[in-house]
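K.L.:
Single-letter residue listing:
There are 2 protein chains.
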Amino acid sequence: MHLKVKHIGMSSGGPLIAIINKEDAIKLDVHALDRIKIEKGSKEAIVAVDIAKTKTVKPGYISLFDEVLQIFSVKKNELVKITVEQNPLSLYYIKKKLDGETLDKHEIDEIVKDIVSNELTEIEITSFVCGCYINGLTLYESAYLTEAIVANGKQLDLDAYPICDKHSVGGVAGNRTTPLVISIVASAGFTIPKTSTRSITSVSGTADTLEVFAPVTHTKKEIEQIVKKTNACMVWGGALELASADDKLIKVERPLNLDPEGILLASILAKKAAVKATHVLIDIPVGRGTKFEDRKMAKRVERKFKQLGKLLGMNIKIILTNGSQPIGNGIGPALEARDILTILQSNGKLGPQDLKKKALMMAGILLQMVGVKNGYKRAIEILESGSAYKKFKDIIKAQGGNPNISIKDIKIGKFKHEVRAKNSGSVKYIDNKMITKVAKIAGSPEDKGAGIYLNVHLRDKVKKNDVLFTIYSENRKKLEYSVSLIKNISEIIRID
Amino acid sequence: MHLKVKHIGMSSGGPLIAIINKEDAIKLDVHALDRIKIEKGSKEAIVAVDIAKTKTVKPGYISLFDEVLQIFSVKKNELVKITVEQNPLSLYYIKKKLDGETLDKHEIDEIVKDIVSNELTEIEITSFVCGCYINGLTLYESAYLTEAIVANGKQLDLDAYPICDKHSVGGVAGNRTTPLVISIVASAGFTIPKTSTRSITSVSGTADTLEVFAPVTHTKKEIEQIVKKTNACMVWGGALELASADDKLIKVERPLNLDPEGILLASILAKKAAVKATHVLIDIPVGRGTKFEDRKMAKRVERKFKQLGKLLGMNIKIILTNGSQPIGNGIGPALEARDILTILQSNGKLGPQDLKKKALMMAGILLQMVGVKNGYKRAIEILESGSAYKKFKDIIKAQGGNPNISIKDIKIGKFKHEVRAKNSGSVKYIDNKMITKVAKIAGSPEDKGAGIYLNVHLRDKVKKNDVLFTIYSENRKKLEYSVSLIKNISEIIRID
Numbered sequence: 006m007h008l009k010v011k012h013i014g015m016s017s018g019g020p021l022i023a024i025i026n027k028e029d030a031i032k033l034d035v036h037a038l039d040r041i042k043i044e045k046g047s048k049e050a051i052v053a054v055d056i057a058k059t060k061t062v063k064p065g066y067i068s069l070f071d072e073v074l075q076i077f078s079v080k081k082n083e084l085v086k087i088t089v090e091q092n093p094l095s096l097y098y099i100k101k102k103l104d105g106e107t108l109d110k111h112e113i114d115e116i117v118k119d120i121v122s123n124e125l126t127e128i129e130i131t132s133f134v135c136g137c138y139i140n141g142l143t144l145y146e147s148a149y150l151t152e153a154i155v156a157n158g159k160q161l162d163l164d165a166y167p168i169c170d171k172h173s174v175g176g177v178a179g180n181r182t183t184p185l186v187i188s189i190v191a192s193a194g195f196t197i198p199k200t201s202t203r204s205i206t207s208v209s210g211t212a213d214t215l216e217v218f219a220p221v222t223h224t225k226k227e228i229e230q231i232v233k234k235t236n237a238c239m240v241w242g243g244a245l246e247l248a249s250a251d252d253k254l255i256k257v258e259r260p261l262n263l264d265p266e267g268i269l270l271a272s273i274l275a276k277k278a279a280v281k282a283t284h285v286l287i288d289i290p291v292g293r294g295t296k297f298e299d300r301k302m303a304k305r306v307e308r309k310f311k312q313l314g315k316l317l318g319m320n321i322k323i324i325l326t327n328g329s330q331p332i333g334n335g336i337g338p339a340l341e342a343r344d345i346l347t348i349l350q351s352n353g354k355l356g357p358q359d360l361k362k363k364a365l366m367m368a369g370i371l372l373q374m375v376g377v378k379n380g381y382k383r384a385i386e387i388l389e390s391g392s393a394y395k396k397f398k399d400i401i402k403a404q405g406g407n408p409n410i411s412i413k414d415i416k417i418g419k420f421k422h423e424v425r426a427k428n429s430g431s432v433k434y435i436d437n438k439m440i441t442k443v444a445k446i447a448g449s450p451e452d453k454g455a456g457i458y459l460n461v462h463l464r465d466k467v468k469k470n471d472v473l474f475t476i477y478s479e480n481r482k483k484l485e486y487s488v489s490l491i492k493n494i495s496e497i498i499r500i501d
Numbered sequence: 006m007h008l009k010v011k012h013i014g015m016s017s018g019g020p021l022i023a024i025i026n027k028e029d030a031i032k033l034d035v036h037a038l039d040r041i042k043i044e045k046g047s048k049e050a051i052v053a054v055d056i057a058k059t060k061t062v063k064p065g066y067i068s069l070f071d072e073v074l075q076i077f078s079v080k081k082n083e084l085v086k087i088t089v090e091q092n093p094l095s096l097y098y099i100k101k102k103l104d105g106e107t108l109d110k111h112e113i114d115e116i117v118k119d120i121v122s123n124e125l126t127e128i129e130i131t132s133f134v135c136g137c138y139i140n141g142l143t144l145y146e147s148a149y150l151t152e153a154i155v156a157n158g159k160q161l162d163l164d165a166y167p168i169c170d171k172h173s174v175g176g177v178a179g180n181r182t183t184p185l186v187i188s189i190v191a192s193a194g195f196t197i198p199k200t201s202t203r204s205i206t207s208v209s210g211t212a213d214t215l216e217v218f219a220p221v222t223h224t225k226k227e228i229e230q231i232v233k234k235t236n237a238c239m240v241w242g243g244a245l246e247l248a249s250a251d252d253k254l255i256k257v258e259r260p261l262n263l264d265p266e267g268i269l270l271a272s273i274l275a276k277k278a279a280v281k282a283t284h285v286l287i288d289i290p291v292g293r294g295t296k297f298e299d300r301k302m303a304k305r306v307e308r309k310f311k312q313l314g315k316l317l318g319m320n321i322k323i324i325l326t327n328g329s330q331p332i333g334n335g336i337g338p339a340l341e342a343r344d345i346l347t348i349l350q351s352n353g354k355l356g357p358q359d360l361k362k363k364a365l366m367m368a369g370i371l372l373q374m375v376g377v378k379n380g381y382k383r384a385i386e387i388l389e390s391g392s393a394y395k396k397f398k399d400i401i402k403a404q405g406g407n408p409n410i411s412i413k414d415i416k417i418g419k420f421k422h423e424v425r426a427k428n429s430g431s432v433k434y435i436d437n438k439m440i441t442k443v444a445k446i447a448g449s450p451e452d453k454g455a456g457i458y459l460n461v462h463l464r465d466k467v468k469k470n471d472v473l474f475t476i477y478s479e480n481r482k483k484l485e486y487s488v489s490l491i492k493n494i495s496e497i498i499r500i501d
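Keeping their order, the protein sequence lines are chains A and B.
If you're matching positions, the first sequence starts at 6 in the numbering used here and goes up one per residue.
If you're matching positions, the second sequence starts at 6 in the numbering used here and goes up one per residue.
Quick caveat, the hints were computed from the structure, so don't treat them as lab data.
Where a beta carbon is used, it is the ideal one built from N, C-alpha and C, also for glycine.
Some hints here could point you the wrong way.
[Claimed, not checked] Far from chain B by the CB rule (all over 12 Å, computed), these chain A residues:
| id | residue |
| --- | --- |
| 1 | D109 |
| 2 | H111 |
| 3 | K233 |
[To be verified] Calculated cross-link-like contacts (lysine to aspartate or glutamate; reagent style EDC-like; alpha-carbon spacing at most 20 Å):
| id | chain 1 | residue 1 | chain 2 | residue 2 |
| --- | --- | --- | --- | --- |
| 4 | A | K438 | B | D452 |
| 5 | A | K32 | B | D501 |
| 6 | B | K309 | B | D39 |
| 7 | B | K442 | A | D264 |
| 8 | B | K159 | B | D114 |
| 9 | A | K100 | B | D264 |
| 10 | A | K27 | B | D452 |
| 11 | B | K32 | B | E90 |
| 12 | A | K101 | B | D264 |
| 13 | B | K482 | A | D264 |
| 14 | A | K63 | B | E90 |
| 15 | A | K32 | B | D71 |
| 16 | A | K32 | B | E485 |
| 17 | B | K100 | A | E298 |
| 18 | A | K27 | B | D252 |
| 19 | B | K27 | A | E479 |
| 20 | B | K433 | B | D501 |
| 21 | A | K32 | B | D452 |
| 22 | B | K100 | A | D264 |
| 23 | B | K27 | A | E28 |
| 24 | B | K159 | B | E90 |
| 25 | B | K100 | A | D104 |
| 26 | B | K27 | A | D452 |
| 27 | A | K63 | B | D39 |
| 28 | B | K492 | A | E90 |
| 29 | B | K301 | A | E386 |
| 30 | A | K442 | B | D34 |
| 31 | B | K433 | B | E389 |
| 32 | A | K100 | B | E266 |
| 33 | B | K438 | A | D452 |
| 34 | A | K60 | B | D39 |
| 35 | A | K63 | B | D452 |
| 36 | B | K482 | A | E28 |
| 37 | B | K296 | B | D252 |
| 38 | A | K442 | B | D39 |
All chains, full assembly: derive it from the sequences and hints.
P.N.:
See below:
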């Protein structure tokens with residue numbers, strides 16, 4: 006059958022989809038989401054077909070979403086040849102998972118490949134996620150999934166051993182240990198190529214904060230050069246193209262808050278495998294408002310991480326940390342960057358000491374893991390001697406940033422609002438999620454200068470009218486809106 | 006936040022969806038598929054939001070699919086107010102099902118209500134189906150689902166007892182017992198208001214075939230009038246609006262061939278409950294190419310149907326019939342209609358005897374169920390006396406058809422192709438699925454005169470060059486295409 010092309014002029018959000026009229030669907034004997042092949046000359050594309058019930062697509066026409074046109078450019082009104090295609094094999098494997106069977110390496114690889122190349126629809130990806138959620142993944146399946154995500158992205162070519170890496174599971178505002186840990190470990194002579202994400206649900210992703218100091222978007226080749234020069238990098242992970250599978254899984258997981266453990270573990274470890282990490286420290290913050298509200302759950306995940314590490318040839322160490330309150334004072338890219346620079350420039354004397362201590366502890370453990378005796382002591386020496394700051398500047402310079410950036414160079418929002426204590430007492434509770442929300446509404450992380458500066462932590466004594474935190478924004482309207490969210494301050498910070 | 010309306014000029018295929026730019030999504034703090042409320046004056050709509058990554062939707066704009074515009078008409082470039090809404094409660098209930106919990110009546114009702122009113126996205130409906138598929142539904146859950154589907158559609162108001170009904174699970178070509186069974190049972194004085202579906206995957210749905218005799222699309226009120234006049238009706242079920250939930254479930258079930266038993270049972274029994282049936286006969290064809298390839302599976306479903314019937318206050322009887330070959334000779338609306346009319350007009354003497362026998366058996370059982378002694382004998386009397394034909398004509402007339410329609414009035418496709426035996430022997434196998442496919446490609450059921458006339462059944466002796474079947478089409482091209490499908494006749498009908 007030949008059909009005339011129409012451009013929808015819209016993205017499907019991922020999947021390769023074409024729309025045809027019901028009459029043509031009957032002639033082809035295809036149903037919604039069956040696969041068809043579109044051919045024009047030597048070009049071809051296999052897409053899922055959706056069927057227009059209304060007159061949006063007339064008989065004789067085929068409407069193509071942007072994603073299809075990107076891989077198969079064809080002009081409006083050009084005739085293309087349509088034939089029916091078999092459904093992708095990955096659908097059978099997804100069905101197997103729903104039926105409670107265990108998938109082998111090849112089957113998982115097919116599924117990930119088809120997700121990445123947009124060959125599966127959201128209905129099909131959702132079915133896979135539900136199958137993994139209900140029936141679970143074996144350790145081997147999680148390992149295969151990790152390998153498949155890596156195989157369908159890119160890996161850094163680094164000629165080094167050991168290669169260190171760190172990861173925080175997230176959910177804690179201000180938890181910006183990365184620049185400190187990376188600077189210390191790299192300064193000790195170990196390779197630590199860190200890729201970070203931009204914010205998804207948090208106030209600021211590590212990549213958003215690092216961008217205050219230097220560009221974080223680099224090609225694979227550039228990253229390899231930066232690491233060769235400095236032992237380290239602090240870049241956005243996008244260049245390794247692992248996010249493709251991740252993003253698509255996250256989209257279908259979100260509405261129901263499904264986060265199948267096996268997929269979560271694979272997604273994290275794939276990022277480590279992509280930099281060929283051999284020694285990995287994973288920080289799991291535990292407590293109200295974090296991903297792991299109870300310690301038992303976190304312990305179970307710890308075990309799985311370790312077992313999975315073995316299968317993948319990675320030495321993994323887990324620390325369960327206190328995630329019941331924000332770390333540091335600044336929350337938001339510029340405010341966090343100021344905290345970090347203050348610690349580094351003062352050789353650890355100034356700046357938020359909770360953040361400094363956590364970073365030193367993590368760097369110390371990583372150093373022990375790769376054979377340094379008294380790792381924690383060594384980490385302190387490196388910070389206090391100024392070596393960490395020197396290494397930090399080297400990395401910033403290698404990434405194209407200004408190594409001599411000063412605190413004053415880091416601009417924070419010119420509109421601000423102070424939130425004060427309604428009564429005296431001791432800080433009993435800080436609502437991570439609300440702090441995050443207020444900072445986001447104020448403009449973080451898109452507006453680098455937006456966010457919150459937090460003056461108190463748990464168990465601090467405060468007096469009535471003390472400033473608890475200050476909201477910063479680059480835009481008066483956003484500030485007003487974020488302030489309006491704080492109807493009852495005692496629900497965000499409770500003081501008894 | 007206020008945004009300017011754009012019309013996408015396309016259907017989403019069901020769900021209420023709006024698209025906004027990433028910048029506005031950040032300001033609203035919403036993610037893909039979160040819910041927003043759109044307001045304009047006193048009108049409002051709650052929709053799922055999708056987020057444009059490309060420049061398709063510019064900041065400050067909101068693009069609406071046809072479905073949203075249907076319930077919330079608003080002109081291009083009009084400003085609407087946008088606020089963030091809570092996700093529907095049904096999402097929590099779907100999550101419960103995924104977590105292996107049992108849902109109560111209220112929870113299932115919420116899910117069905119939200120599916121019907123387009124408030125759930127395909128990702129969310131898929132999650133529900135996967136949860137039902139893997140974790141199963143209890144009998145009570147299936148009963149609640151049945152009731153919810155009925156409650157979210159319409160019920161016939163009939164002042165009668167008992168009310169009979171029948172159903173064939175499908176998968177067998179030509180299995181058109183309905184007009185015969187309905188005419189016989191109604192002629193015996195019992196109420197039997199039959200609603201049928203149009204073809205989904207088959208060559209012809211019962212409604213498609215009945216349409217050869219009379220209009221089948223009637224309002225609820227009209228259907229009630231027809232039943233009052235004749236004890237019966239043979240109409241398309243669309244007027245009762247049960248299909249809405251069904252269609253949406255089927256769309257997400259299809260790609261992976263998921264057909265959760267609990268949903269299948271509920272979907273069938275909801276159609277019976279909507280006509281307030283008290284005595285229901287269900288025909289489950291068993292055999293290669295049908296829904297139930299093995300007898301064990303069919304037996305299990307039989308048990309469930311009966312138990313579910315008890316909960317719903319329906320007396321249900323199941324027959325497992327031989328589904329290994331087509332029933333009757335005609336396959337396709339006009340060809341089936343000719344078979345039926347031939348049997349009725351000849352008082353059972355002419356026409357396909359296998360179809361006649363099956364219909365008599367079914368009518369007999371239904372009569373027994375409502376207290377008629379020797380039901381089968383009574384059914385034969387009614388057919389042979391001409392009472393069944395008379396009742397058939399009454400129903401056709403009440404539905405607005407021509408009761409005096411003759412065989413010759415029923416036009417069949419003028420293009421035909423005979424398929425002949427390559428060798429002599431006995432018919433060992435007939436491929437239901439291929440027969441269906443060839444008839445569909447020839448134009449059935451959209452072209453009423455298209456289809457297949459089958460000359461042989463299993464175990465028939467044939468000689469080389471005997472005509473095995475004839476393909477009819479209203480269109481030369483369609484005929485050619487359907488003929489080209491038959492590369493190897495022995496794969497469709499095997500003669501040894």
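K.L.:
Of all the hints numbered above, which does this structure not satisfy? Sort the numbers upward.
P.N.:
When the structure is compared with the hints, numbers 4, 5, 6, 7, 13, 14, 15, 23, 24, 27, 29, 31, 33 and 34 turn out to be violated.
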